[in-house]
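Trainee: Residue numbers (full-length UniProt numbering), protein chains in the order written: chain A, 1 to 187; chain B, 1 to 187; chain C, 1 to 187; chain D, 1 to 187; chain E, 1 to 187; chain F, 1 to 187; chain G, 1 to 187; chain H, 1 to 187; chain I, 1 to 187; chain J, 1 to 187.
Because the hints were derived from the structure by calculation, they are not lab data. We treat Cβ as the ideally placed atom computed from N, Cα and C, and that holds for glycine. Watch out, some of these pointers could steer you wrong.
Calculated lysine-lysine pairs in the PhoX-like style (CA-CA distance at most 25 Å, straight line) [to be verified]:
(1) F/Lys153 <-> E/Lys169
(2) J/Lys80 <-> B/Lys186
(3) B/Lys63 <-> B/Lys20
(4) J/Lys186 <-> I/Lys80
(5) G/Lys17 <-> H/Lys186
(6) J/Lys186 <-> B/Lys186
(7) G/Lys91 <-> H/Lys169
(8) G/Lys169 <-> H/Lys63
(9) E/Lys80 <-> F/Lys91
(10) D/Lys63 <-> D/Lys91
Output of the computed footprint for chain G on chain H, the stretches with three or more beta carbons under 8 Å from beta carbons of chain G [what the hints assert, rightly or not]:
(11) 13–26
(12) 42–49
(13) 166–173
Number of protein chains: 10
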Amino acid sequence: MSVLNTTLKPFNATAYKDGKFVDLSDADVKGKWAVFFFYPADFTFVCPTELEDLADIYPTLQKMGVEVYSVSTDTHFCHKAWHDTSPAIGKINYYMVGDQNHALSNNFEVLREGVGLADRGTFVLDPQGEIQLLEITPEGVGRNAAELLRKIKALQYWVSHPGEVCPAKWEEGAETLAPSLDLVGKI
Amino acid sequence: MSVLNTTLKPFNATAYKDGKFVDLSDADVKGKWAVFFFYPADFTFVCPTELEDLADIYPTLQKMGVEVYSVSTDTHFCHKAWHDTSPAIGKINYYMVGDQNHALSNNFEVLREGVGLADRGTFVLDPQGEIQLLEITPEGVGRNAAELLRKIKALQYWVSHPGEVCPAKWEEGAETLAPSLDLVGKI
Amino acid sequence: MSVLNTTLKPFNATAYKDGKFVDLSDADVKGKWAVFFFYPADFTFVCPTELEDLADIYPTLQKMGVEVYSVSTDTHFCHKAWHDTSPAIGKINYYMVGDQNHALSNNFEVLREGVGLADRGTFVLDPQGEIQLLEITPEGVGRNAAELLRKIKALQYWVSHPGEVCPAKWEEGAETLAPSLDLVGKI
Amino acid sequence: MSVLNTTLKPFNATAYKDGKFVDLSDADVKGKWAVFFFYPADFTFVCPTELEDLADIYPTLQKMGVEVYSVSTDTHFCHKAWHDTSPAIGKINYYMVGDQNHALSNNFEVLREGVGLADRGTFVLDPQGEIQLLEITPEGVGRNAAELLRKIKALQYWVSHPGEVCPAKWEEGAETLAPSLDLVGKI
Amino acid sequence: MSVLNTTLKPFNATAYKDGKFVDLSDADVKGKWAVFFFYPADFTFVCPTELEDLADIYPTLQKMGVEVYSVSTDTHFCHKAWHDTSPAIGKINYYMVGDQNHALSNNFEVLREGVGLADRGTFVLDPQGEIQLLEITPEGVGRNAAELLRKIKALQYWVSHPGEVCPAKWEEGAETLAPSLDLVGKI
Amino acid sequence: MSVLNTTLKPFNATAYKDGKFVDLSDADVKGKWAVFFFYPADFTFVCPTELEDLADIYPTLQKMGVEVYSVSTDTHFCHKAWHDTSPAIGKINYYMVGDQNHALSNNFEVLREGVGLADRGTFVLDPQGEIQLLEITPEGVGRNAAELLRKIKALQYWVSHPGEVCPAKWEEGAETLAPSLDLVGKI
Amino acid sequence: MSVLNTTLKPFNATAYKDGKFVDLSDADVKGKWAVFFFYPADFTFVCPTELEDLADIYPTLQKMGVEVYSVSTDTHFCHKAWHDTSPAIGKINYYMVGDQNHALSNNFEVLREGVGLADRGTFVLDPQGEIQLLEITPEGVGRNAAELLRKIKALQYWVSHPGEVCPAKWEEGAETLAPSLDLVGKI
Amino acid sequence: MSVLNTTLKPFNATAYKDGKFVDLSDADVKGKWAVFFFYPADFTFVCPTELEDLADIYPTLQKMGVEVYSVSTDTHFCHKAWHDTSPAIGKINYYMVGDQNHALSNNFEVLREGVGLADRGTFVLDPQGEIQLLEITPEGVGRNAAELLRKIKALQYWVSHPGEVCPAKWEEGAETLAPSLDLVGKI
Amino acid sequence: MSVLNTTLKPFNATAYKDGKFVDLSDADVKGKWAVFFFYPADFTFVCPTELEDLADIYPTLQKMGVEVYSVSTDTHFCHKAWHDTSPAIGKINYYMVGDQNHALSNNFEVLREGVGLADRGTFVLDPQGEIQLLEITPEGVGRNAAELLRKIKALQYWVSHPGEVCPAKWEEGAETLAPSLDLVGKI
Amino acid sequence: MSVLNTTLKPFNATAYKDGKFVDLSDADVKGKWAVFFFYPADFTFVCPTELEDLADIYPTLQKMGVEVYSVSTDTHFCHKAWHDTSPAIGKINYYMVGDQNHALSNNFEVLREGVGLADRGTFVLDPQGEIQLLEITPEGVGRNAAELLRKIKALQYWVSHPGEVCPAKWEEGAETLAPSLDLVGKI
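The following block holds chain A by itself, in its conformation from the complex:
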């Protein structure tokens, strides 16, 4: 069965954000667009480049009404310690969620069975908490924040413009398509 349009399951966790430990639940997440950005482990290698890349688009996403949650199976204590010691991680302003009880990694089905670490999985949720798009890459392949931004823009456009759809490689400002009976078999 398709995972699209399934709803964020209940969870409770503690995150590190802006020098504080904050409690977080599914109720806090709903009501805004959200990006859940899973990665394997603190103090490793590909992860910080991805997290830094994501930090660069965070101000843009905030303006678009999109909140960002990075998640690994490390505790919020580790996130804080990493933030203190790593220059790249130190730039982060979004939520760094501690998933040491594996609840979120399990709910999004990115937990590597028997390993206790999450895949590189990105999930975009609408304000109703429903998954609208997703991407998963393996251990050794970093994601691309620019492409994520393109897709979120297309997603928000489509949702707010009934009767229009965004074609392949659509960029903000480009033309969209308006499906109609006349177009059947004509594209």
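Once you have looked at the hints, place chains B, C, D, E, F, G, H, I and J on chain A.
Mentor: Quick look at chains B, C, D, E, F, G, H, I and J alone, frame taken from chain A:
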């Protein structure tokens, strides 16, 4: 549980390719890199722009040893008829697979329950038939073949260069990282 | 157990009719006599000759209060595209129902398991939605609309004339039989 | 699931044929084309007209290599007594099978639950014992032996001419179709 | 567990009686003494001699308030046809019940599994519908109506004379026994 | 399901016969014709008249190769004590079986549930140990040894004369019937 | 689990007492002290010596408010016949219960499985119907009524004198013990 | 089901005997006659009087080949401590078994559920380890070693004298009975 | 799952305390701090040294509001007898609980399966009856009351000083730690 | 059931030790005495004081043949990072095991359900991998390495000196006890 590294399940289908109907099974797919490119339906709107975008990178993918299979729940008869009548679809040289029995859409978990149509899901498999990366977008958001190409290149690089990993937004020719104990907490 | 007198199960589908896409459910079907006419696939060979044959008797059936629904596991997009390009199919005025989710083919038990295509099955339902007669032929054997018309006429006669039955090869206007104790063992 | 191509189940019965009681099993039936012709009851009204209509085409069917078995839930004793006393039934030369244990009516799913009588169901089996076509009409609607003959001829033609199919209302000697890729979407 | 004193189960059937077809249910049977007289099949050999033997005592039984129901797995149509053609059967005035749905034969546990015919079983029921005595003989051994009459008379005597019992081979008018503590061990 | 032709189940019991206690099992019974003659209780009223009636035909049955076993849920001690004190019972030479463990009464399904006493049930078994005929009468109605003898004679005649059957109220020496196709519907 | 203090289960039976047959149930037993005295069978050997021994203390027990019930799997008819013919049994005035349906023997768990006879089991119940003491001996070992009387006297004493207990081999009138903390480890 | 003739279940325990701790299992018990003598608790009141009473007959039992095992849910440490401090218990020479794991009390079904103490239960086992007789008295009623001795003597006599049984209140040297057919109903 | 913070289960037991037998249940325990101190058996070797060691700190614990319950599977009778005879045990003033029904040993999961004795387990419960700390040592290793006292003091300090925690080997009066975000990674 | 003497379950993990990442399994642990020392989380407060306390006795334990494994649900990457940045943790030379897959915390039943952190649990295993003693304290109460050392010394002494046991608060060099029958009830 993570879907990464799960193996292509057995299937039998008929595809349209280069003016012929050809039988296809999981055994035919294994042994090469493969892209499975699901879309909702023939004779619709976003789908042809995506399929044309994919057709543009097909020669490059072929040189990289990657075969391409587009899949919808339409029959191979429909694919042929669409190929005959649509200028965009007429350019396609890769396999257009008929999944009217829903086997592939079910195996890759992109079948919309009760609807009988597939999501926009892309899956890259290694020659062992294991899923290495994936992406799913909704009805109204087209994918981007250029980003797919970037990720497949990173994937092939990583697999063929043990001890190196590709950081965020890595492009062909850019630097990679070599994980080591000394790097722990240093990035 | 006999399938006669079993009732049409709930369904939802989209059909192509008279240049429009229309939604259709079991509630829309009940209340009139109905013919469900299954066939394997759009853009094939025997199917269009049967659909054309059926189109010829459609005006007569309409006068008799009988609606007609052709059904395959293709989408309504395909039906529209086929209607646009085939001279035979272009004549059709009845409902062409898209059963790409297999609901109707399953409900009438004509889905070829593992194939995803329907048999050539004809079902006549009374206004209560109960199956009154049926016929199934294989892939390579076309049906005969004239015989279907004969049987529907006999069926309507029998239902509206209590105490009379239509003997073998009865044609409209021919004599019927009135079962009685005296006839036992006399025919 | 489609009933076509399901195989004749094992059975044992006694039939009346040519003034004798003969034992009959599925093994006796296989190896030739066969028609199973179910009807509700001996000594009734529509049934004898159908059985007589069938008797008329029996010589032709025999020449085509097709054996005929009429079946009701009456005993072979009743069939014999009916044959002795009814002028119409007295003409019958094919097998009149006693199904008082309901085995055949159950196997072909034409037994009316709680009634103990069979529907008017016709089944044509190939020499492998697989159902190739079927027809069921209600209590008050007689079948038509001429149309049955037409369908059996088309069936035998199709089976013996690979690469050809019989279109709608095909009659012996008429043109057939040869499906090919070029015909897709052209009929 | 003993079958005595078990109650007639619900049933619906059609019987032939005095030139008419009449509907019959358990409710019709209760309220009077009843004999259910099962036999294998119409148009056979031992059966008519038994049915004729039973016909001879029918007037006496009627005077005693006992109704008679002969039952086979043939239809009421067959019973009527047999009654029309057989001199012995033509004498019958009691109910000839059609049990082609096997309900009664099953309820009284006289159906020969896999054969579809009933044993030669006689059951006498009191006006409450409870079985009071029974007898079963095989295919080749006819019953004896005189002995049945003797037992029904003894049964009615016993039921209507509390405190008396009918000894072995008791005939109407002979002495009965009155059980009492003094008789214990004295007979 | 019919009880005819079911086989004697294994049992072990002790019987009183000719002034001795003898052990008895199903193996001892098989190999000869056998009558199992159940009755409610020693030291009661109808029972001794039946047992005496049966004692009168015992010599004849012995000559016919038929052994006799009377059975109640009393012990063999009781049977012996009753035989010692009752003039009627003192005449008995056949086996008086103690069924205080209810095994035989249960196997023949004549045990009155919750009462611990057997019905008046007679069962005739062939040398293979299969039940061929049976009779059950209630508490207050004695059986008739003469009719039992008539039925056993008919049974033995039928079994030893293939192709012949004994009609209603047949007595030794009377005519039998030879079933044939020509007789169908003629009796 | 201990059987002491379990309660008499519901039962219905007929007993022989003082020349009469009387119905008996658990409701009749409760409200008084009771002895249930099981034995294997009437008309045997050890049993009558035990029953006579018990008969000798019956007047004493009656004065103590204790009723006596002897029980075997024989019927009340057998008990009556035995009482008539045996000098020892003829002396009995207590209840001789017929347990031919095995209910009591099963409830007290003294039924020999597969044999249908009871053990030599004695059970003393208080007026609440709870088992207070019990004894079981094998086939060949007779019980001792005097010891039973001793134990019932001790039991009644203990129940009616809270704070006192009867030591080993206590006889009526002998000293009892009064348990107290000071006695711990002192006896 | 009767508990007589059930076999000693496997167990392991430690006992105090003659100033030593000895291990004990079912294998040690089998091969001799045995008395298992359960009581509630060390350092209580009725128990020591019973244990002393039993100690008095222990030499006689030893001569008869009977071993004695007293059992409570106390440990062997408690038994030793009690033996050291109590004059009555100090006389004991038989096995004092520690059943603190409740195995024996459970196996003999004398454990008071939820209390953790055993009933006053005596069980006599033959050398095959099968229970031959038993007695259970409540908390406040002491047993009688003399009566136990009488029953064991009768039991050993019966077992060693086939064809003889010991009547009620039999004492060593008294007459026994020899059951025979002639005695049936004569005692 | 962690056993910490699980709640004391319901129980009923009798204890020896200050020369009296007192009933005790979970309701009596709750409302105060409590130590459950399990040991294998009365009258053994390590146990009395531990119980004496515990007796020494009992006055201090009482002042701290902590009640003490020693528990073994011996009865309260044994505890009383041991208290009477052992100089070390004679000093004890806390509750000595009899757990001969194994309820407490089972609830705290310290019962040695098949042995019927408890481990050397110490459990400290808060006034809500929740386990706050525990320790288990084997048969041959005695515990240390001083260390137990240290831990109970730390526990009470922590519970009554929110925001402070007691570091390793903390002794009463020593410094504690106050966890704060600034301390993360600084200790 | 008691947890003592249960065996270390299979596991696989990566540990940080002496500047290296090393793989570790149950097979590596067995063969030596072992301490598993669980704590909630890296970068927290009580934990480092305990780990430093343990580091102080590590050389002594190594001389005694005891290996030490500290375990939290953090990764080995975190352990390395903590070791790099914390002065207290930097002193550690024993194994710091990463249990991010929760396997060890689950096996030792110290995982806080729904929290994903371990309790402060210490487990001492013998070279056979069996748990010999354990201790668990809550979040806010630090353990005491000195007491742990005392208990391990007593444990090793007891195991290597059969016939001796270590009494309460035993310290190395102090007297032990030799259990014997004579000591029962004397301590």
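Trainee: If you test the structure against every hint from before, which numbers come out violated?
Mentor: 6, 9, 11
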